Amino acid sequence: MIMKLKVPVNSYEAAVKQIEAGADEIYMGLEDSHFNRMSYSARAQITSQGVHSNLRDEEFARIVEYAHSKNVTVDFTANCQHVTNSTDDFYREGFLEYVERGIHLGADALIVADIGNLIALRKRGIQTPIIAGSYLSGFNRETVDFLKELDVFRICIPDQVTFDEIKAIKKHTDLEIEIFIGYGCSNLAGVCNFCHNNGEKINVGVPCRAKFKMKHNKIANILDACPDCAICSIPKLYDLGIDSLKIIGRETDCREVAEITRMYKTAIQMYAEAGKIDRKEIISAIPWWENNMCHDRCKYENTSLLQSYL
Amino acid sequence: MGTYEMRIDRLGFDIEQNYDTIQSFSIGHESCIIKFFKVIQQTDLLDFVRRQKEAGREIRIITPFVPEQHLDEMKEVIKSICKEECFKDSVIIVNDFGLMSYIHKIDENRKMCLGRSLLFSFDYAPWGHKIYENEPEKIQKVVAQINFYDDEKMEFYRGYHVSEIEVNLTAGTIDSLKEIQKAGFKVNVHKGSFLYGTQRSCYIRRCSAEQNCCGTECEYAEELEIEEFWGGAGYYKKPDDIAFPNPLYLRGNQIYGKAHDIPCDCFDGIIVDAE
Ligand SMILES: [Zn+2]
Ligand SMILES: [Zn+2]
Ligand SMILES: [Zn+2]
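Same order as they appear, the protein sequences are chains S and Z. Take 35 as the starting number for the first sequence in the working numbering and just add one per residue. Take 1230 as the starting number for the second sequence in the working numbering and just add one per residue.
Honestly, the hints are just simulated from the structure, not real lab data. Because the structure is a prediction, the values reported are computed rather than measured. Treat the hints with caution; some may be incorrect.
Unchecked claim - Across the chosen pairs, the derived CB separations fall in these ranges:
hint: 1; chain 1: Z; residue 1: E1384; chain 2: S; residue 2: D312; range: 52 to 60 Å
hint: 2; chain 1: S; residue 1: Q83; chain 2: Z; residue 2: K1312; range: 48 to 56 Å
hint: 3; chain 1: Z; residue 1: R1387; chain 2: S; residue 2: P163; range: 42 to 50 Å
hint: 4; chain 1: S; residue 1: S338; chain 2: Z; residue 2: Y1449; range: 31 to 39 Å
Built from N, CA and C at the ideal position, the CB exists for glycine as well.
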């Protein structure tokens, strides 16, 4: 089975571009009338930069129809992690209705990132397959087994894991494994309170990349610790049988992400057909990749950053 | 009135000191597995534990998230802790779902406490209020709460013998914390720090290749002051309307600030750092 490429979508146009670029799976969320700016999908309906991260019903349905006509799977982002009790339980009820709406509009699977929601969805009788989102912190085999008991069919392993760790998990479980390629948060999934793109109008950028003044007036982006590139690791990820590679970016102009999708697709296809990749040729598709994203910032290679992992 | 819990998560804490104002100790580490192994395996630790227990103090174990590469070793260490007579009635504070599940498998009646890494509220963001201020009032009230306040979750965690939680304290989460207490859970609040993030590597290790650290070097907290934010288009000055924790501290693999100045007497435990 070929390793799939899973990419974000936040408009019909983005869906067409991403699927043309080689996406096998797309993921997206819906706007919800309970909120003005926030959502049930872990991204603001509208970001501080004015990007609409989620879709209206009609456009969502059009995307599903187009995706299915191209044999592309649609995952529905129901990955908020902030569901709590509320008067009349309107908040959880709102979440369940949100999910039912996504399913009704044709979503194939759900991305869920909250234990209470996992339980509530099944209690509601919703049988749609569920992917455990990265906030559920599947860092080790025990957690993967724990999530399996909660009836998920796939685990999205968070950023900040090594290839050997992914390998140990993959060999241990019969669940599908999805991993991130590309830049993410420098902090561990679920343990970062520098929330952004959640509904605020202020622009805090990506706080873990900020510059800080340290002792002796040294200025550095000292918190920046998330690697970027997985191109160099495509062969070993493919051989390991990773089910899906996930690119993030619902909060950006997803049409721009299509360049990256195309580059990864080229690498996967080249490896599937020829048993090797021409790294330099593939990377040359994005001129700034070589110097800014690769080498020290390779995600699953033996870099000094990964050697420093606890 | 809460009891005082002192966190022992450093090497070489003063075992001879007089701890009259403290009712319990939590030993281990909240975020660093290597430091956890070192602290828990210190010589003299068991003597200290026995003496404190004789003096009527409670001993708790604090555990971090468990990277896959340390899982097998962690299981062995936890197994021996669970078997150790002087930790017989110790609550284990967990910051990893897999570890929680494992402990429940090997020691079914072991009481556990959920750590800060497994709990979330939008109110925890330094600009939390800005995230939800544009929402209808009833949404604002809900998203400021802590996500543990959820009947589905509380029932689920009871099944794992989780009877306590450990939290950052914010004004917006207080009401939900009181409801959690009413539901029968103990709520312990951090008075020493406000956790903003945990990283995969200790920054001392990350910044110098030959340093394998997690000895005492990384017990020193580096003070950080925000200089410039980073957005897609590059760096920019922090706008005046954004409150950013100042100073921010980086210690080992933890990013934290000062705890909010909120009275915490109504909670069950007050967690303080060892000097
Ligand atoms: Zn971050
Ligand atoms: Zn690379
Ligand atoms: Zn260290």
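**Report entry** Earlier hints that do not hold, by number
**Finding:** Hint check: 3 and 4 fail, others pass.
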